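Throw the hints in and build the complete structure from the sequences for me.
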Amino acid sequence: MATLRSVEIDDTHPGITYEGVWAEDRSLYQLNRGFTWGGSQHRAVGTASFTFPFFGTAVAVSGRSPAINEDGESATWRCLIDGEQIESRSPANRTQVNDFTLCIQQQLPPGRHVLSVEVEADEDTPFWLDRLSMMPLRNHTYDNPTVRVTPLDGGLQYPSGKWDRVEGGARFTSQAGASVLLGFNGTGVSWITEHLADQPPATSQGVYTIDDKPPVPFFISGLARGQPNMGHYMLFESEELRRGPHRLNVTYLGSSAPLVMDSILVRNGDIIVQNGASMPGISSASSPQRPRPNIAAIAGGVVGGVVALALFAMWHFILNKKRLRRGYDIEMSVKSFKSYPPPEFHAPHRTASTSSQPLSTPPTAAHSLNQSTGASIPPYHPAVELPAYEYGHVGEKARLVAEEAIESSREEFCNLQPPPPVYSPDQPVGLAQAPGFNRRPTALQVGHHSDSGVQFASNPDIEVLDLPPRYTLS
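In our numbering, the protein residues as written are 695 to 1168.
Since the hints were derived computationally from the structure, they do not count as laboratory data.
Note that the coordinates shown come from a computational prediction; the quantities given were computed from them, not determined experimentally.
All residues carry an ideal CB built from backbone N, CA and C; glycine is no exception.
Any given hint could be a false lead.
In silico DMTMM-like pairs for lysine to aspartate or glutamate, Cα to Cα no more than 25 Å straight-line [to be verified]: (1) Lys856 to Asp905; (2) Lys907 to Glu933; (3) Lys856 to Asp892; (4) Lys907 to Glu931; (5) Lys856 to Glu931; (6) Lys907 to Glu934; (7) Lys907 to Asp964; (8) Lys856 to Glu888.
So the derived label-pair ranges between C-beta atoms look like this [said to hold, decoys possible]: (9) Arg936 to Gln801: 35 to 43 Å; (10) Gln921 to Val860: 17 to 25 Å; (11) Thr795 to Pro908: 33 to 41 Å; (12) Pro803 to Glu781: 12 to 20 Å.
Structural data, given as structure tokens:
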């Protein structure tokens, strides 16, 4: 569906024909409500008229409201369409306003029409013409028209923020970051706004950009309590552009007085636009074109990521296992060299016997050493003990070191020799202490003496165990 835009015609348009006394009035009358379109008006004094032929279905005449003198008199005017008079509007009070609607006619049959305005005025009560508004025909071409874009225009897009409606058709936003986009053909734009009551009065800020040009800031004044509402006014006007397609982007920065859009004027614009039509540099809001995802690339990326993650996990596991194995081997090696205290020697404990028969079991080497040294040798205990672990859990290096330590301990034990005898000149040397005595007795004989004399063994193969004599009290 297409949107038809109204055409705004300034008082300086060459299609307007003036008769009588007319003068171009460039006073902006900024102290009054409303604003002056195009920066000027045509002012009539005395008997005057103007005509304007057009192709359309509606027309309206606007200008500064006529002044009312002390007698309550003002200028008079008649508006005619194709020679037929239409209703005119008169101001309700003495306060003058700008952009006042003097007469309007709608629902005209499509085609060519002629607007005529006849004026009777004087110096005290002049008549002002500021602009003409016309609803054009869809199939007609107009020369350099200025078109009016309203908030419901099909060429507008509201990509962000919340925009609320105002009575009369305007829209406003108080949300910082809210924006509106307009794609247009033309040579420039003007933003028409108004003040709203019961809104924050402090000044806010906005920014607009056209195409890729640098952003242009603008300021939004608020309406303070008790301050009169000055009606519509121009918020900003762009520079002159090259005729062609352009893109307008307006953003509200906040953060007090709201941004109000009554309309946007496009100079040399299009009178008709398709709803949802795409704008330069921006895809259409109704049919956005989104790039299709590359499924093969996505699948390859996912598989590659999984493989890389698996390789990293495997490398981390092997590295930790090597570290744990190395620490375990070092710990076992240290434990294998743990020292133990040497074996203790205890005095022999023998049971006395009165039998003189040799023992049936010959003494061992350890027993002979016991006889010659007078010390008792405990059963064999290795100096190095292996921990209670299986070789499969102990490092190979630790196992070899442990076996060498056991063999060395065994050899040292077998080569153990008694300490050298201590000789005294006052003490007789016994058989067991005689130097050079290397024969080992093959039997043990117990002898019980009745006196305290020194006894010698007659057979070197028999070891004699002498018992002292028993004494009785006399």
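Hint by hint, here is what the structure shows:
1. Lys856 to Asp905: holds (24 Å)
2. Lys907 to Glu933: holds (11 Å)
3. Lys856 to Asp892: Roughly 18 Å between the alpha carbons, so the hint for lysine 856 and aspartate 892 holds.
4. Lys907 to Glu931: holds (15 Å)
5. Lys856 to Glu931: holds (24 Å)
6. Lys907 to Glu934: holds (13 Å)
7. Lys907 to Asp964: Within the cut-off at roughly 22 Å; holds.
8. Lys856 to Glu888: holds (18 Å)
9. Arg936 to Gln801: 35 to 43 Å: Hint holds: Cβ distance 38 Å, inside 35 to 43 Å.
10. Gln921 to Val860: 17 to 25 Å: holds (18 Å)
11. Thr795 to Pro908: 33 to 41 Å: holds (38 Å)
12. Pro803 to Glu781: 12 to 20 Å: holds (18 Å)
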